[in-house]
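Engineer: With the sequences and hints as input, model every part of the structure.
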Amino acid sequence: MTNQQSLNSVDMLLNMGPQHPSTHGVFRMVLQIDGERVMDVEPYIGYLHRGSEKLSEGEQYAQIVTLFDRLDYLANFNNELVFCMAVEKLMGVEIPERAEYIRVILCELNRISSHFLFYGTMGMDAGASTPILYGFRDREKIQSLFESVSGARMMHNYFRIGGVKEDLPSDFFENIYWLLEEIKQGVDQADSLLSFNEIFLNRTRNIGLINTEDAIDFGLTGPNLRASGVSYDLRKNDPYSIYDRFDFDIPVGDRGDVWDRYFVRIQEIRESIKIIEQALKQIPDGEITANVRRIARPPEGDIFVHAENPRGDFGVYLVSDGSDKPYRLKIRPPSFCNLMALRHMMRNAYVSDSVMILGSIDIVLGEVDR
Amino acid sequence: MAEEEITESVSEEEEVSEELDPIIVERISILENILSSYDISITSFLGEINIHIGRTDIIDILTILKNSPETLCNLFLCLSIVDYEDRFEAVYHLQSTTLNHRYVVKSSLDKDKPLISSCIGLWKGSDWYEREGHDLFGVIFEGHPNLSPLLLYEEFEGYPGRKDFPFNDYKEW
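So the protein sequences, as listed, match chains A and B.
One point on numbering: in my numbering, the residue at position 330 of the first sequence is 330, and numbering is uninterrupted.
One point on numbering: in my numbering, the residue at position 31 of the second sequence is 31, and numbering is uninterrupted.
In short, the hints are calculated from the structure, not lab data.
Ideal Cβ positions, reconstructed from N, Cα and C, are used throughout, including at glycine.
Heads up, some of the hints might be wrong.
[To be verified] Straight-line alpha carbon distances no greater than 25 Å define the calculated SDA-like cross-link-like pairs of lysine to any residue that follow: (1) A:K165 - A:L67; (2) A:K281 - A:S241; (3) B:K66 - A:E213; (4) A:K89 - B:I28.
[What the hints assert, rightly or not] Covered stretches of chain B (chain A as the covering partner; in silico rule of three or more C-beta atoms under 8 Å from a C-beta of chain A): (5) 41 to 52; (6) 96 to 105; (7) 120 to 132; (8) 147 to 157.
Structural biologist: Here is the structure:
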């Protein structure tokens, strides 16, 4: 209401959500619109707040892994990895080589699975109903492989402090070979079906722009930041786990519009396939868990560990007082920060594009609200 | 007083571990140089550089860390509030996307009236973190334009992030 409009136009408030199919979860935004233009937008979050951080203070370290599954529920393995790495770093645990490779393979598969879902919903937001079927088809194959490994499609609780729960099943390597072939076909299909489609390009090019300085200022990370032209990927910039052993590229966009954010993710699927193929060649035999006490008691101190999740820079700040439960656990959810830039991206966009812009940020409310 | 205690305990653990990485030593000496006129102490723990702030305005330190060419912390990673027995602590994690440095800035807050300057003018990305800190811990960020509830609802009473919040016998209805 602050900005004075010309005499005969009156701003209207349009409420979207919390139950709205295109908000990708229970998220509400109030659009202040002038005709077809969005003048301002006020996001409201917190509908899914479960107090995960506070809950963690009452659980033992091994139990917290299950809470991390439920944050970013499309990238369960990546979340588990960050928490386990934080505790391991504080305890000074070296985890076996085989466990590191298993973790990397599963995390990269999870990234592909998450990006396939994004591909589907992006098409859906643009009004194309075919991609979501193909996206879910390819994602489901990956989730089935996860089920064969951990026993659950999602919410795996598979990573342990010091390694993983159990070794890969005997037919894993045969299955993943065929899976990767199918994923490659799926990505090619995505490119031919949606990426360079004339109508899709018209809907996504030069919409929801955010430039490099603003993107960093708002704390964007992950594909959203790289779409604005910043080559910042923790797997390269500050390699954790064993990512320094693999040869892969960081796809970067040039304009920071909706299409860039979409296409960076499609390219990332190909890079993840590269990493998995190299990891499958290098994976050694051996132990899968380090010799860690069943009830972990990290020494007193605090540590911040972050890693590259499908949605960006996922971090954990862990304060330990030497007991079997954390004193304080703070989560840095990438979607939370990415969502802050929504207001900036949506200003002066058309109402019909607002759904595309929200979809291109690829939020997961489970980690926004925690 | 309390802050000195935690500094000592961190430096004790540092002595137990092996000698410091030369890169960390170099970065600490650079930091001590550019922050020499302020009341701070710098420690290192497990490869992280912690800057403990004494009686200095935190905004001065954060501005230098953001703008100085040796640090260039352009990405605001995280703001955590920790409820210790005798004080609150605001912990800022700052990252440089170009130099790949990460710094931790810690500032103690009064237990009865937690008050700290808002850094929303430096990084817009600190907005919701500060609202969350106000929402869950009752920390007041001076200069923040809108400290309305973010994760909790308007009528919620109390600060559930704090240790003394009755978590187990809380009844919603």
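Engineer: Decide, hint by hint, whether the structure agrees.
Structural biologist: Checked hints:
| no. | hint | in the structure |
| --- | --- | --- |
| 1 | A:K165 - A:L67 | holds (16 Å) |
| 2 | A:K281 - A:S241 | holds (17 Å) |
| 3 | B:K66 - A:E213 | holds (13 Å) |
| 4 | A:K89 - B:I28 | holds (21 Å) |
| 5 | 41 to 52 | holds (count 3) |
| 6 | 96 to 105 | holds (count 4) |
| 7 | 120 to 132 | holds (count 6) |
| 8 | 147 to 157 | holds (count 5) |
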